[in-house]
Amino acid sequence: MVQLLPFEKSLEKLEVGTPAYDKELASIYNKLSSYQKTLVSRHADRPHGLDYINRIFTDFQELAGDRFYGEDQALIGGLARLDGMPVVVLAQEKGHDIATRQKHNFGLAKPEGYRKAIRLMKMADQFGLPVISLVDTDGAFCGAESEERGVGEAIAQATAQCLRLSVPMISVIIGAGGSGGAIAIAAADKVFMLEHSVYSVISPEGCASILWRDPMMKEAAADAMKITAQDLKKMNIIDGIIDEPVGGAQRARFDAMDSVKTFVVKELKALMKLSSKDLQTQRRKKYDALTR
Amino acid sequence: MVQLLPFEKSLEKLEVGTPAYDKELASIYNKLSSYQKTLVSRHADRPHGLDYINRIFTDFQELAGDRFYGEDQALIGGLARLDGMPVVVLAQEKGHDIATRQKHNFGLAKPEGYRKAIRLMKMADQFGLPVISLVDTDGAFCGAESEERGVGEAIAQATAQCLRLSVPMISVIIGAGGSGGAIAIAAADKVFMLEHSVYSVISPEGCASILWRDPMMKEAAADAMKITAQDLKKMNIIDGIIDEPVGGAQRARFDAMDSVKTFVVKELKALMKLSSKDLQTQRRKKYDALTR
Amino acid sequence: MANSCKFPQKPHAKYAEVSDKLWMTCRECGDMIYSKKFHSNSKVCPSCGYYAAMTPVERFELLFDGAKFETIEMPIPSDDPLKFTDKVSYADRLKKYRKSTGEQDVVQTAVGKIDGVETVVLCFNFAFMGGSMGRAVGEGIMKAAGEALARKAPFVLIPASGGARMQEGINSLMQMPRTLMAIEDLKNAGLPYIVVLTNPTTGGVTASFAMVGDVHIAEKGAVIAFAGRRVIEGTIGEKLPDDFQTAEYLREHGMVDIVVERSELKSTLGNVLSLLTNVKKK
Amino acid sequence: MANSCKFPQKPHAKYAEVSDKLWMTCRECGDMIYSKKFHSNSKVCPSCGYYAAMTPVERFELLFDGAKFETIEMPIPSDDPLKFTDKVSYADRLKKYRKSTGEQDVVQTAVGKIDGVETVVLCFNFAFMGGSMGRAVGEGIMKAAGEALARKAPFVLIPASGGARMQEGINSLMQMPRTLMAIEDLKNAGLPYIVVLTNPTTGGVTASFAMVGDVHIAEKGAVIAFAGRRVIEGTIGEKLPDDFQTAEYLREHGMVDIVVERSELKSTLGNVLSLLTNVKKK
Ligand SMILES: [Zn+2]
Ligand SMILES: [Zn+2]
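Chains as they are written, first to last, in my numbering: chain A, 1 to 292; chain B, 1 to 292; chain C, 1 to 282; chain D, 1 to 282.
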């Protein structure tokens, strides 16, 4: 059984699968607030980066290391096939229990994670492989060692590397798109968000603490910042929304992942028809126009 | 007064500047053995990297850091002018007293030193500036932290970066050319050696320890390995020898450095007449033919 | 588009209120300091050496030969894309800062000569909402970089920023790739891009245009950080060294090329520009 | 130039002396092991899991589909450029190793298919003078890389080396830039260059061609080092972790992509080659 979120309490009394349950679930998910979506996007049972890699890619070969300092399991990378097409895949992974959360550092990547991403994007360019990134992080790791090794520089260079590619890149925000930690692997030709994912410059909690000086104002902050897939699509920040099963990806993990696959494969095929030059021209126009 | 080397003992009784002294000095330096040259190349008063930077370059601006991990003062880098021409200069610096030797880690560079060199060589390429490297190291730093951060990888990439330049590169072995630690910044279009410098794949002491199993066999090892400027010129490994004042660069530091300047400026001007393509073709032929 | 302004020695009137007074109090050491001396000393406290924030115009006067420069008008995007309100509305905040600074937003740009090299300089005004990066900053950087490209001139960017402008939400974050794309154009054209890191340069700014310079010059003691010291100490419970995230610390950790005294900034910058553009020194 | 050799299941006769005996002793654990089992297990000790060194031909048989491959003749430069003698003359050492291995020098190259992808594989023979890098190694790598370039095929290099061949002095060092130049050609042509790091890969080899692969695969437990552990412990007096300089340690430190069991090497390599060359998997 999937763990119930606070605003799902009304489901407790209902039997899963009954028409009453389905009706109530749909009713809850039809009117999720921005902060409720934030909670859905963070749900522990939501499919994570490695879940997608295992489900929708084949022949995955993880590649480790930045060739400078270390290997960062918060940001997984490697070669794989998507619908038979060889690609480079980058995926943030938060972990799902104590051991895996520690191993993946809760999806908070360090400079070496972003530098590995840069290396693999260059490899993609070198061998003409598209890049697929699956974004799910609360942000880059905020620790002294991250600052020491220049996490800002690493994020900036990773972002620049996305924009420099001569191959297509597609990003999907599968959970949390946490600020610079996300954009570093999400400055793509096409950026899609799952229906209940969020993408923001700071967490609602952080924004509330700073602007309201009260972390309890997180709901107001979430609303004000416009962080949902629906908000971002309306502002033309993202290129599309991938529907989730009713009740969220955490309730039908395989269905959710399979629909991401179908969606991405279709978009990727369209991008692969473009020449490198057309692709880069289109990308430039996209980022020129963004937020204007 | 310059510190006398063991084989210079006969000068002790003579007054500096007298004809007898000059005669004895010339006689000693006319028949230096390979190992004696090794000792001259390591003489503490010999001009070091920073001495050259201060003496023969103008407008020097040191640039620090590899943009990944750290700053390494064993390998100094920056922008400067040589005879009015802007260049990127790379110089290994051993230090000359306890404090500076520690600061410069005895000229033993770590991965970050070589990665800084790579960054500055890329900058040279980007802005069309020639690269001048002054080589003086017993080798790359052999410590755990050097291995941890991939000193081999860093040397390999630096060497590859030398060979990849679209601008001319000139290297001068001013003291010790210590194996991989040297080649990383010495895979140049033209490689010159000072008259009493040495360049080898391992130190005579190291070679003696391994092959003779007796470090005292260092003289034999030095002879056998053929490590002097004269040996290397005969084998066509280097492109020329820069004469030193009688008694070595340590006895007339400014004269020694000034003759390096004159020599390098002349060679650089010749290289700068070539197109990038011709330069790269010539470089390729040079390294193809080397050791054949 | 670009209107010519030639300023005399004294700071731009808009920022000179404080210099109307004969004496002022140093924000750092609390000493009473002679206002004229403070300003003639490029806003470095004569008592404690504290580097006070400089306005863009003050920077331009400090850096350009003979304090002569042309300003380049910065594009101002429509206000308040999210209709954002916290305790105060963003619209009201903007009004307040526009009034206090006399400027429309954070960045200002000018072109002039530095040691004889024609250079485009963009400077942040920390006094405008903490130098926060919204669409105006992004558009400004894109415009300034475009100006450098058109003139085949080097581009010098002088950040001073607390980071993202949260009131613009995701629009702020999107300025990271947008500005990086503009900088990439300069690199492809072989034009130098120099960042002069000043106190403070933090947050999203250090994860984009401020960390991809060909050369990174930092003013002595400047705090340069992605995540703030207190955030790190708070969430991780790590004890941090005193010099953590200072210019000197970043140099030691490979991120900054040159740490300069403010008094050496112009000559250092001039030398670097001259070397990278192969212009003979005067 | 390239003569076709198709080998049966059992190792090349030249290296098979030991397999003539029914039982043999593991060098690592000392157990008596059934020779046939050891060899059918790709020279991994069935008792302790120790990875014994493999000859180039054994590697070729392990990696190429159906153990079918063509060998590419390696150039052999004139002997002994320095006329080097220590306790023994280099000329005599060379004679000895040529006799014991039946080969002229360290490297051998073959071309064949790996999971259907035509690939050039160069392999070091550690039994030949500790896999030391002299002119023969340099010329061999240049020849093999040139062969890959001509065939538009990926290049797989399998080092096993103690480092430089001191008896060739500076000639050994010069193979570092020379081989890197050959590898650069492959990169410029968009051809994959994969390094399979085996035990031991040390010294100058790790400061040149062995560390610039697009993908670095390492056999489990292989020692991969620039400076040897004893050198570091001796000169620096640092205490080193047990796994220092192992394949696993290098993966942890960002230098190795994949650590594999020998039994998985062919399938891993095949998958990577297939993905990088965009060949559909069989
Ligand atoms: Zn003060
Ligand atoms: Zn065993």
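It is possible that some hints are incorrect.
Stated by the list, open to error - With a straight-line Cα cutoff of 30 Å, these simulated DSBU-like cross-link-like pairs (lysine-lysine) come out: (1) K277/A - K273/B; (2) K87/C - K233/A; (3) K83/D - K190/B; (4) K152/C - K286/A; (5) K285/A - K266/C; (6) K122/B - K87/C; (7) K122/A - K187/D; (8) K266/D - K122/A; (9) K266/C - K122/B; (10) K273/B - K87/C; (11) K83/D - K273/A; (12) K234/B - K266/D; (13) K233/B - K190/B; (14) K190/B - K285/A; (15) K152/D - K269/A.
If you are wondering where the hints come from, they were derived from the structure by calculation, not from laboratory data.
Q) Which earlier hints turn out false for this structure, listed by number in ascending order? A) 1, 5, 6, 10, 11, 12, 14
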